[in-house]
Amino acid sequence: MPGWLIDFLWVVVKVTLVIAFVGVNFIFMVWLERKLSAKMQARIGPNRVGPHGSLQLIADALKLFSKEDIKPAMADPKVWALAPVVMFAPALLVFYVLPVGPNAVIGTDLNVGLLYLAAVSSFTLVGIFMAGWGSNSKYSLLGAMRAGAALMAYEIPLVLSILTVAMLAGTLSVQGIVQAQVDRGYYFVFPGIVAFIIYFICVMAELGRGPFDLVEAEHELVMGYQTEYSGMRWGIMLMAEYTNQFTAAAIAAMLFLGGWDGPFLPGWLWLVIKAYALVMVMMWVRWTLPRVRIDQLLDLSWKFLLPVSLLNLVVVAIFLV
Amino acid sequence: MGVLNDVARAAKSIVKGHMVTLREIFKPPMTIRYPDEKPEQPKGSRGMPVLKVNAETGELNCTACGLCARSCPPGCIEVIEETDANGKRMRRPLAYNLDMGKCMVCNLCIEACPFDALEMAANFEISVYDPENLVFNKDQLATIWKNYDAVRIAGGEKL
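Residue numbers (my numbering), protein chains in the order written: chain A, 1 to 321; chain B, 1 to 159.
Misleading hints may appear alongside valid ones.
Calculated pairs, DSS-like style, for lysine-lysine (alpha carbon to alpha carbon, straight line, at most 27 Å) [unchecked claim]:
(1) 63/A with 39/A
(2) 303/A with 12/B
(3) 146/B with 39/A
(4) 102/B with 88/B
(5) 63/A with 78/A
(6) 39/A with 27/B
(7) 39/A with 43/B
(8) 88/B with 303/A
(9) 38/B with 146/B
(10) 39/A with 52/B
(11) 43/B with 146/B
Hints listed in this document are in silico derivations from the structure and should not be mistaken for laboratory results.
Small disclaimer: the values here were computed from a predicted structure and weren't measured.
Construct the complete structure from the given sequences, taking the supplied hints into account.
Right, here's the structure in full:
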């Protein structure tokens, strides 16, 4: 076989594996979220389809597939139809630089991996804005505007906290950062606890989860930018949301908790375990705290997280020098 | 120091809230999976009036005096007394029909009965597809009394 064909087949295999993982992860995370929230609210949660309701989402997906494809008459057809795809693509692109073991990266170990992650994960906003603008609905547009405001506010402290890690490791490559933690024998969560907390808060705000889910605040905005979507289009949006949540947790696990590093188990399993632990913390926060107002959301970012993350950056820089 | 105070207070309350949800995770759920698990009915809960069977003779306690039918506000009880060939009253019901479609579970029939022949059973699962099936005859009422022995009101004592 010629060399390019082998490369091409490798790419096909990897993409298939990633998409399969995204699908399984979606099913598992929705189940986990529903079960956890049920436990916190003294309920049982889904328990009819499959053992402990684990196959509930397959039944839900079948329902979504069989639904009529309703398109708003006044919507911009192309932008509206493309938005879920644009939202889902960045969720998959993040997997490109995830290191799953020593010398093993899903795609390529980019030397600007952190920059790539920050750029790609903010790209979801384009999809959200396309959905909000294309739907031609006031709720959608307001939801998308809020998403834009939240993302702009939280991107800066997020990147500043990631920058702290880059300074500690001395590299922008994600694999390099994990390797630095393994080599030095300590995880960056200890010197960078402030950065870790800021990253966690910012990522929840950017994902529109937890107490920051006012992008789709039902009481005010119906479903935000998702208002005009139904059936599997909405299903893809939900899938993008959950995939983003997993990748955000996985990035946090790599930057602060040593990624694939761990005894006995293979590297990719350690990464998945750490990511799911963080995902469960996110769900814990989401089902505990009440939703904030839009002005509180922006206040928290501009007046508190931004100065603290800047200060943290300066302090870390002084210590490193 | 106002800001630091605020941060400390916020952190404290956030941690407190999370501890509550964390505790709840390990508590058993309050849900009763109804058709699979039956709820425990409180003492004195009223399902439907049923006819008692005498444990010794195996016959109904009812003498067909008709006091229950008279006391019934919606008039859902119909009692027909059995008579022999000579027209002599046998003091037992030929038919005893209770229309649960009308019954308002007021307990007045049970209070009116001088022979301890009626009792309130806690059986509330009497849904049927055809409203005619809501009319229970004396055999059905006696069967329900036997089957719902365990959940019968206050173990036989009248309330």
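Check the hint pairing residue 39/A with residue 27/B against an upper bound of 27 Å on the C-alpha distance.
Measuring from Cα to Cα gives roughly 8 Å; hence the hint holds.
Assess, step by step, whether the Cα of residue 102/B is no farther than 27 Å from the Cα of residue 88/B, and give holds or violated.
violated (32 Å)
Between the alpha carbons of residue 63/A and residue 78/A, is the straight-line distance 27 Å or under?
holds (25 Å)
Holds or violated: residue 63/A and residue 39/A, Cα atoms, limit 27 Å.
Answer holds: residue 63/A to residue 39/A is near 26 Å, not above 27 Å.
Check the hint pairing residue 303/A with residue 12/B against an upper bound of 27 Å on the C-alpha distance.
holds (20 Å)
When you check the alpha-carbon spacing of residue 39/A and residue 43/B, does it fall within 27 Å?
violated (30 Å)
Taking 27 Å as the top limit, are the C-alpha atoms of residue 88/B and residue 303/A close enough?
Violated, because 97 Å separates the two Cα atoms, which is more than 27 Å.
Does the structure keep residue 146/B and residue 39/A at a Cα separation of 27 Å or less?
violated (39 Å)
Pair hint outcome, residue 39/A versus residue 52/B [Cα-Cα no greater than 27 Å]:
violated (45 Å)
Do the alpha carbons of residue 38/B and residue 146/B lie within 27 Å of each other, as the hint requires?
holds (18 Å)
Hinted pair, alpha-carbon criterion (27 Å max): residue 43/B, residue 146/B. Please report holds or violated.
holds (18 Å)
The structure fails hints 3, 4, 7, 8 and 10 (numbered hints given earlier, in ascending order).
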